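Student: With the sequences and hints as input, model every part of the structure.
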Amino acid sequence: MFDGKSILITGGTGSFGKKYVKTLLERYSPKKIIIYSRDELKQYEMQQVFNAPCMRYFIGDVRDKERLIRAMNGVDYVIHAAALKQVPAAEYNPMECIKTNINGAENVIDAALANNVEKVIALSTDKAANPVNLYGATKLCSDKLFVAANNMSGGHKTGFAVVRYGNVVASRGSVVPFFQKLIDDGAKELPVTHDEMTRFWITLQQGVDFVLKNFARMCGGEIFIPKIPSVKIVDLAKAMAPELKINIIGIRPGEKLHEVMCPADDSYHTFEFEDHFVIAPSIQFSSRSNNFGINAIGETAKLVEQGFEYNSRDNTDFLDIEGIQAMNEQAIQ
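As numbered in UniProt numbering, the sequence shown has no gaps in its residue numbers, which increase by one up to the final residue, 333.
Any given hint could turn out to be false.
The calculated label-pair distances, taken between Cβ atoms and stated as ranges, are [stated by the list, open to error]: (1) L244 with D110: 46 to 54 Å; (2) A52 with G293: 38 to 46 Å; (3) E106 with K302: 31 to 39 Å.
Source of the hints: derived by calculation from the structure; they are not laboratory data. The structure displayed is predicted, hence computed values, not measured ones. Every residue, glycine too, gets a C-beta built ideally from N, C-alpha and C.
Tutor: Rendered as structure tokens:
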């Protein structure tokens, strides 16, 4: 469905954007792939790797609506990946996080509607479910904006959906490269915030494939959540450096012990498909289908039981140490 299409990725120089571009170029023949981001050095470095004739690089910030409107001219699909993501940084710089993650989301919506973009998928995070930190709260606001945007489209064809998933193995700024740097530097121990901490675990390629699939699945208004395994962070440390001591240092500002992707409070409108969940909108759409038990490619689902919660602690799928090692190896290929 991406052959001959123009795709724009906000925050496209990040880990997700680069893997998404690589996958698009390997599997499809797009008309244009537009990287929209604010860091000229990262764009220059990315151009050295991805320089196919269809590639375009736009310097711009999602806080700048006029620039976004110009960049989306003629675009068919948008992936909104730009965000301020570091939890402690957001706690100490809340207004900056709000400007990018909330105001930026509104600008992406307005620009997509102004250009009659066909489909928009916004990347979210497990931290947006029952948020306890500012980053999660801004992403929850962003999710609500993108869901409600389907009621704003009116005569436009634009549809909006959200993809929410957990920790991406080996992504920039995440725990795996942090641990690996300590190991490479000869550390005698690895710092773990809490000995019971768990996280959802997904590779970058799995995340990219899930987003690609959901462009075909989406009707507009869904929050897509993949069924993925959990890990114990102490097991991650043991998997990466079994000979090193683990030092429990305490939970950081805004950090959770366990993550949630489908909150119990949303169970009355959460649907379970074979390999993923969908949280349907709590609002009614006037111009779109409100039946989210079947998607655009005909897959069917059932409502989950009342009170069901999909969290990293009670997940039925946990990786053991060998499984973590295998997934980490897969992630860096």
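Student: Is it true that the C-beta distance of L244 to D110 lies inside 46 to 54 Å, as the hint says?
Tutor: 50 Å, holds
Student: Does the Cβ-Cβ separation between A52 and G293 fall within 38 to 46 Å?
Tutor: Taking Cβ atoms as reference, A52 and G293 lie about 40 Å apart, which means the hint holds.
Student: If you check the beta carbons of E106 and K302, does the distance land in 31 to 39 Å?
Tutor: 34 Å, holds
Checked against the numbered hints given earlier, the structure satisfies every one of them.
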